[in-house]
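The sequence shown: position 212 = 212 (the UniProt record's numbering), numbered continuously.
Some hints here could point you the wrong way.
As the list claims (entries may be wrong) - Derived EDC-like pairs: lysine to aspartate or glutamate, alpha-carbon spacing no greater than 20 Å straight-line:
#1 157 - 171
#2 157 - 84
#3 153 - 48
#4 87 - 20
#5 153 - 171
#6 87 - 35
Stated by the list, open to error - Restraint ranges, calculated between C-beta atoms of paired labels, are given here:
#7 72 - 171: 16 to 22 Å
#8 158 - 181: 15 to 21 Å
#9 162 - 112: 52 to 58 Å
#10 123 - 26: 17 to 23 Å
#11 169 - 87: 27 to 33 Å
#12 164 - 128: 47 to 53 Å
Read the hints as simulated data drawn from the structure, not as lab findings.
For every residue, glycine included, the Cβ atom is placed at its ideal position computed from N, Cα and C.
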Amino acid sequence: MGNSHPFQSWCYLLYTYVSEALVSGSWLQCGPHVEFLLRIFQTLALLEVIHAVLGLVRSSPFTTAVQISSRLFVVWGVLYLLPEVKKQSIGVPLILIAWCLAEIIRYIFYALNICNISSSPITWLRYSSFLLLYPIGITGELVLMCGAVQALKGTDKYSFAMPNMLNCSFDYRLSILAIMALYVPGKNTNISNLTTSKSLGAPKLYMYMLSQRRKVFKTKMQ
1 MGNSHPFQSW CYLLYTYVSE ALVSGSWLQC GPHVEFLLRI FQTLALLEVI
51 HAVLGLVRSS PFTTAVQISS RLFVVWGVLY LLPEVKKQSI GVPLILIAWC
101 LAEIIRYIFY ALNICNISSS PITWLRYSSF LLLYPIGITG ELVLMCGAVQ
151 ALKGTDKYSF AMPNMLNCSF DYRLSILAIM ALYVPGKNTN ISNLTTSKSL
201 GAPKLYMYML SQRRKVFKTK MQ
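Let's have the full structure, built from the sequences with the hints guiding it.
Structural data, given as structure tokens:
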């Protein structure tokens with residue numbers, strides 16, 4: 001039951017988005033209902049970090065936190081705070097389709113594992129679909145963040161300068177650019193030196209998933 005609810009939620013979100021897109025004739029934007037569902041479902045994913053920390057699941061707390069934090073920033077820090085960004089942006093279908101498919105596959109895999117059911121096709125999808133879906137999702141995130149940077153250009157929206165009671169300054173536009181920098185692969189990023197790689201964020205997570213894929217398929221071949 002624990003995995004059926006998230007599975008149904010992401011299926012419903014994908015169905016709702018596709019249905020609205022077919023009716024409106026535009027895939028480059030999402031309606032208020034779709035965006036609301038996305039915010040709710042993605043925010044609830046914070047529970048997965050807690051589960052990983054407590055050892056309730058075998059997922060890495062670090063990789064889980066990295067993936068969820070980047071998505072939450074896009075959902076709340078970009079789409080919610082800067083609604084104009086999601087209008088006619090290719091980033092919208094990229095994140096919605098990639099995220100939904102990734103979560104649907106993941107929860108099917110978890111549900112089968114709980115029931116002690118082994119399915120080679122589902123296992124293959126679980127450890128191979130990210131090869132395509134992850135870059136698609138990352139591209140969508142970067143497209144939307146680029147839109148946010150452009151929308152904030154020449155404004156001080158969500159920023160503040162000194163002097164103030166906090167005695168500090170904050171530039172939201174520069175903060176987004178700094179977050180985008182985490183998506184850039186670092187020096188010598190590869191599976192063999194994953195723990196010492198200078199890469200952060202998305203590249204390191206992708207390398208981790210590649211290493212997990214190699215371990216799973218190597219075990220199955222033995």
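Consistency of the hints with the structure:
no. : hint                  : verdict
1   : 157 - 171             : holds (9 Å)
2   : 157 - 84              : holds (13 Å)
3   : 153 - 48              : violated (35 Å)
4   : 87 - 20               : holds (14 Å)
5   : 153 - 171             : holds (11 Å)
6   : 87 - 35               : holds (12 Å)
7   : 72 - 171: 16 to 22 Å  : holds (20 Å)
8   : 158 - 181: 15 to 21 Å : holds (19 Å)
9   : 162 - 112: 52 to 58 Å : holds (56 Å)
10  : 123 - 26: 17 to 23 Å  : violated (36 Å)
11  : 169 - 87: 27 to 33 Å  : holds (30 Å)
12  : 164 - 128: 47 to 53 Å : holds (50 Å)
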